[in-house]
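**Student:** Chain by chain, the residues run as shown.
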Amino acid sequence: AQSVTQLGSHVSVSEGALVLLRCNYSSSVPPYLFWYVQYPNQGLQLLLKYTTGATLVKGINGFEAEFKKSETSFHLTKPSAHMSDAAEYFCAVSVPTGANSKLTFGKGITLSVRP
Amino acid sequence: DSGVTQTPKHLITATGQRVTLRCSPRSGDLSVYWYQQSLDQGLQFLIQYYNGEERAKGNILERFSAQQFPDLHSELNLSSLELGDSALYFCASSPTTASYEQYFGPGTRLTVT
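Residue numbers (the numbering used here), protein chains in the order written: chain P, 260 to 374; chain G, 610 to 722.
Treat the hints with caution; some may be incorrect.
Claimed, not checked - Think about it this way: if two alpha-carbon atoms lie no more than 20 angstroms apart in a straight line, the pair counts; the simulated EDC-like pairs of lysine to aspartate or glutamate are:
#	chain 1	residue 1	chain 2	residue 2
1	P	Lys317	G	Glu710
2	P	Lys308	G	Glu710
3	G	Lys666	G	Asp610
4	P	Lys366	G	Asp649
5	P	Lys308	P	Glu325
6	P	Lys308	G	Asp610
Said to hold, decoys possible - Sample of chain G residues with no beta-carbon within 12 angstroms of chain P, all distances over it, derived:
#	residue
7	Leu620
8	Ala701
9	Thr720
10	Thr722
If you are wondering where the hints come from, they were derived from the structure by calculation, not from laboratory data. Think of the CB as a built atom: it goes at the ideal place given N, C-alpha and C, for glycine as much as any other residue.
With the hints as extra help, turn the sequences into a complete structure.
**Tutor:** Have a look at this one:
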C-alpha cells in the first residue's frame with residue numbers, strides 16, 4: 260500500500276520568502292504524485308502533478324515540485340511567497356494500476372504568510 | 610470552480626439519523642470518488658464508482674453506502690450516525706478510472722449532534 264508523509268503541520272514564512280513544503284512517499288511501484296491546495300471553506304484544487312517524464316513539474320500560482328525517486332520525495336516550492344498563498348497544502352499519491360486511481364493523502368501542512 | 614457540485618453545503622443532524630449527500634460530476638466525467646476529511650483521520654478515500662459500477666473501496670464503514678445513477682450523479686448515504694461521523698465529505702470526479710487528475714467539489718460539512 261502507498262503512503263505519504265508530510266513533516267510538520269504548520270509552516271510560517273514572510274511575504275517574499277521561499278516556500279518549501281516537504282513530502283515523502285512510500286510506494287511499491289512508481290507512483291503518480293500530486294499537490295493540492297485547500298483554501299478556507301473550499302474544496303481541493305490541484306496545484307501540480309507528476310506522472311511520467313520530466314521530474315521537475317510546474318504548476319499554478321508559481322509553484323513547482325521535483326520528483327526525486329532516490330529520496331522518495333516530492334517537495335513543493337515557490338520562490339517568493341504571497342499573502343494569497345496562505346492555505347492548507349496536501350501531498351497525495353496514486354498508484355497507476357489502471358483499475359482505480361484513488362488518492363492517498365498526507366495529513367496536510369498549513370502555510371501562513373507573514374506581512 | 611471545478612465543475613463538480615455537491616449538495617447540501619451544510620448538514621446538521623442528530624445521532625442515529627440517516628442522511629444523503631449528493632454529488633454531480635463534471636460534464637463528461639464517468640468516475641466519481643468520495644472522500645472524508647476529519648481532524649482525526651485527515652483526508653481518507655471512501656469509495657469510487659465508474660459509470661454506475663463500484664470500482665474501489667477504501668475505509669468506508671458498513672453504515673455508509675453509495676451509488677452512482679445512470680445520469681452519473683452519485684449519492685453517499687450515511688446511516689446510524691455517530692458523533693465521530695462529523696466531517697467534511699468531498700466528492701471528486703475524473704473522466705475515466707485511469708484519469709489520475711481528480712476534480713474536487715466544495716464539500717458537504719456534516720455535523721452530528
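**Student:** Determine for every hint whether it applies to the structure shown.
**Tutor:** Structure-based check of all given hints:
Taking the CA atoms of Lys317 of chain P and Glu710 of chain G, the gap is about 15 angstroms. The hint holds against a cut of 20 angstroms. For the given pair, Lys308 of chain P sits about 8 angstroms from Glu710 of chain G by alpha-carbon distance, which is consistent with the 20 angstroms threshold. With a C-alpha separation of about 27 angstroms, the suggested pair Lys666 of chain G and Asp610 of chain G falls outside the 20 angstroms cut-off, and the hint is violated. Between Lys366 of chain P and Asp649 of chain G, the direct Cα distance comes to roughly 10 angstroms. Compliance with the 20 angstroms bound is thereby established for this hinted pair.
Distance restraint check for Lys308 of chain P and Glu325 of chain P: the Cα-Cα separation of roughly 10 angstroms lies within the 20 angstroms cut-off, and the hinted pair is therefore satisfied. Simply put, Lys308 of chain P and Asp610 of chain G have alpha-carbon atoms about 19 angstroms apart, close enough for the 20 angstroms limit, and the pair holds. Look at Leu620 of chain G: its CB is around 15 angstroms from the nearest CB on chain P, clear of 12 angstroms, so calling it non-interface holds up. For Ala701 of chain G, the requirement that its beta carbon stay farther than 12 angstroms from each beta carbon of chain P is not met, with the minimum near 8 angstroms.
The beta carbon of Thr720 of chain G sits about 14 angstroms from the closest Cβ of chain P, which is more than 12 angstroms, so the claim that it is off the interface holds. No beta-carbon of chain P is positioned within 12 angstroms of the beta-carbon of Thr722 of chain G; the least distance is around 20 angstroms.
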